[in-house]
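A.B. asks: Sequence:
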Amino acid sequence: PFGVSICYTSKNYKVVTSDEFLDLLISKGCFFAWYFHYMPVGMGATTDLLLNPEQRAYMKDRVREIRGLTGGKEIFAIDFQNDGEFTGGCIAGGKLYCHINAAGDVEPCVFIHYSGANIREKSFLECLQQPLFKEYRKGQPFNNNHLRPCPMLENPEYLPQMVARSGAHSTDLEAPESVEHLCNKCESYAACWRPEAEKLWDEEHHN
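Take my numbering: the final residue in the sequence shown is number 207, and no numbers are missing along the way.
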């Protein structure tokens with residue numbers, strides 16, 4: 001038995017949620033699938049792989065179909081970006097989760113390569129108490145609409161402020177990326193997704 005981690009993009013989102021793909025995973029003994037929305041992290045990351053609102057809405061509905069008690073698949077599917085309502089929004093920054101990279105930098109999230117603490121230099125508790133993590137916990141949830149949970153992807157105005165206030169630095173192991181460069185890549189996406197996310201959230205929670 002095993003689980004899989006799947007990054008979905010504008011190019012592959014229907015393939016990785018297709019009956020054929022899921023049946024293959026199940027036949028190999030897969031018990032759960034963790035879907036991750038593509039994030040444009042890194043100096044060379046393209047924004048072409050970001051989903052448009054229609055594609056993201058499809059993913060939200062399709063993952064719920066996959067794990068449905070009626071008509072679903074024999075696999076438990078989770079969507080890191082669209083299932084925020086079940087965790088109260090963003091869980092990063094030590095709220096429920098953090099990430100440690102190969103150099104020992106303790107980062108708020110696997111997609112957020114900024115930190116002010118290293119596990120090789122401080123205790124884990126000290127790392128969890130670093131200024132950037134405190135900024136995360138002060139701001140969470142970053143949006144009351146949990147279809148817009150992230151301080152980078154859907155709320156790109158927040159992460160640069162938190163990094164600046166905390167004095168955190170880039171921990172990208174390939175090439176340092178300024179937080180402004182990163183979040184600028186998300187601004188158009190966030191603006192396009194917002195009205196669709198608000199419509200979907202209102203339909204599900206006010207009817």
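It should be emphasised that the hints constitute simulated quantities derived from the structure, not laboratory data. There's no promise every hint is true.
[Said to hold, decoys possible] DSS-like cross-link-like pairs, simulated, lysine-lysine; straight-line CA separation at most 27 angstroms:
hint	residue 1	residue 2
1	K185	K11
2	K134	K122
3	K28	K73
4	K60	K73
5	K60	K122
A.B. asks: Look at each hint and say if it fits the structure.
C.D. replies: Checked hints:
no., hint, verdict
1, K185 with K11, "holds (18 angstroms)"
2, K134 with K122, "holds (16 angstroms)"
3, K28 with K73, "holds (14 angstroms)"
4, K60 with K73, "holds (16 angstroms)"
5, K60 with K122, "violated (39 angstroms)"
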